[in-house]
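S.K.: Sequence:
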Amino acid sequence: MGQTVSGYIEPWIRPWAEYYLSWKFERYIAKLKPEDLKTWEVYDYEGVALNLDVLPSTMDDLKTLEIRHDDVFIVTYAKAGTTWTQEIMSCILHDGDLETVNKTHTMRRVPFLEMNFGGTVHSDYTRTHKMIGWMPRSSPRLIKSHLPGQLLPPQVWEKKVKIVYVIRNPKDVAASYFHHSRMMSPLNDIQWDDFFEKFHSGNIGFGKWWEHFLYFWERRNEEHICLLRFEDMKKDLRGTVKKVSEFLGKSFPDDVIDAITDHCTFANMKKNPMTNPDVVIENIMGKQEGTSFMRKGVVGDSKTHLSESQAAAIDAVCKEKLAPASLTFD
1 MGQTVSGYIE PWIRPWAEYY LSWKFERYIA KLKPEDLKTW EVYDYEGVAL NLDVLPSTMD
61 DLKTLEIRHD DVFIVTYAKA GTTWTQEIMS CILHDGDLET VNKTHTMRRV PFLEMNFGGT
121 VHSDYTRTHK MIGWMPRSSP RLIKSHLPGQ LLPPQVWEKK VKIVYVIRNP KDVAASYFHH
181 SRMMSPLNDI QWDDFFEKFH SGNIGFGKWW EHFLYFWERR NEEHICLLRF EDMKKDLRGT
241 VKKVSEFLGK SFPDDVIDAI TDHCTFANMK KNPMTNPDVV IENIMGKQEG TSFMRKGVVG
301 DSKTHLSESQ AAAIDAVCKE KLAPASLTFD
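Counted from 1, the sequence shown has number 326 at position 326 by full-length UniProt numbering; the numbering is strictly sequential.
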């Protein structure tokens, strides 16, 4: 007694809903071509540079998007540790059931709220933000976004849903973002100096990195926000798994924490076809020698990219914009 009608129906609906969403995802990926993706060109949306594949119609829809009270968000600036963190969170929300986790690719388990790859070309495809409404209500939705805080759906803030936000040294973000941009936009032949100019000015997808960081840094003490540093995650991955588990209201024995930690090491994620986006990207781009979505995942890689003047330019922004808020980087 006491079981609602939806409680009876959902166990039957859920597998069919998951199958349908998976089928839609794979069917769409199969028809995408490299020239369809618009992840390098940007437009201005309310003062923020966004990739063309983040459609203005999507951004308008997000203003009234229904957010559920138990939704969980992973929000980052691009290339700050998103895929890594979302996998940790996904494993936790699956209660450490890695067998189930490994049955579905991370890009299907964690929808990318605002992004519609190839959306400017394929207007017939159902947008990601609309498909997440079909996800079952029996368990929390884990949703990924690179949007700055002020552009997230207003209900995210009104309902104070849980958000994990990751900050990474902006120099390393620049280096990783450069290689990512070259991989996702091979037809543009992006060069480092041109990339750095766009990154430093904020005229790049998801806008000014310092504004993105500050929005969440200044809210880091709010109970529904868990702020992580990429560098700390590298130093103590197990401690990060425990911290995020507690934030999400989960308590696991040591063996489960250990299993999630091992699953989420960079080496294991890179070789796992269910956690490495390369598997999906190669279906669109074909094999690109010497490139990988999960390239190095290290601290300090920017030293091989930035000139002295470029490093000094980022240092100057950090001193002017971040230091007054006590946000610093080694």
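A hint or two may mislead.
Claimed, not checked - Okay, derived cross-link-like pairs now, DSSO-like style, lysine-lysine, Cα gap no bigger than 27 Å in a straight line:
1. Lys33 <-> Lys270
2. Lys103 <-> Lys242
3. Lys160 <-> Lys103
4. Lys271 <-> Lys234
5. Lys271 <-> Lys103
6. Lys242 <-> Lys159
7. Lys270 <-> Lys103
8. Lys198 <-> Lys243
9. Lys319 <-> Lys198
10. Lys103 <-> Lys250
11. Lys303 <-> Lys319
12. Lys235 <-> Lys271
13. Lys171 <-> Lys103
14. Lys234 <-> Lys303
15. Lys31 <-> Lys198
16. Lys63 <-> Lys160
17. Lys270 <-> Lys235
No lab work stands behind these hints: they were computed from the structure.
S.K.: Compare the distance between the alpha carbons of Lys242 and Lys159 with 27 Å, and conclude whether the hinted pair is satisfied.
M.R.: Satisfied, since the Cα-Cα distance of roughly 25 Å is no more than 27 Å.
S.K.: Is Lys31 within 27 Å of Lys198, Cα to Cα?
M.R.: 30 Å, violated
S.K.: For the pair supplied as a hint, Lys160 and Lys103, is the alpha-carbon distance within the 27 Å limit?
M.R.: Given pair Lys160, Lys103 is violated - Cα atoms ~31 Å apart, limit 27 Å.
S.K.: With the threshold set at 27 Å, check whether the alpha-carbon distance from Lys63 to Lys160 stays at or below it.
M.R.: Holds - the C-alpha atoms of Lys160 and Lys63 are around 16 Å apart, at most 27 Å.
S.K.: Are the Cα positions of Lys198 and Lys243 separated by 27 Å at most?
M.R.: 35 Å, violated
S.K.: Given the hinted pair Lys271 and Lys234, is their alpha-carbon gap at most 27 Å?
M.R.: Cα-Cα ~18 Å, so holds.
S.K.: Next pair to validate is Lys234 with Lys303; report whether the Cα-Cα distance is within 27 Å.
M.R.: 18 Å, holds
S.K.: Please work out if Lys270 and Lys103 have their alpha carbons no farther apart than 27 Å.
M.R.: Cα-Cα ~16 Å, so holds.
S.K.: Within 27 Å, alpha carbon to alpha carbon, are Lys271 and Lys103?
M.R.: It holds: about 15 Å lies between the C-alpha atoms, which stays within 27 Å.
S.K.: Under the criterion that the straight-line Cα-Cα distance not exceed 27 Å, is the pair Lys270, Lys235 satisfied?
M.R.: 18 Å, holds
S.K.: Hey, Lys303 versus Lys319, does the alpha-carbon distance stay inside 27 Å?
M.R.: 19 Å, holds
S.K.: Need the status of pair Lys103, Lys250: alpha-carbon distance at most 27 Å?
M.R.: Since the Cα atoms of Lys103 and Lys250 sit roughly 22 Å apart, the hinted pair holds (cutoff 27 Å).
Hints 3, 8, 13, 15 from the list above are not met by this structure, while the remaining hints are.
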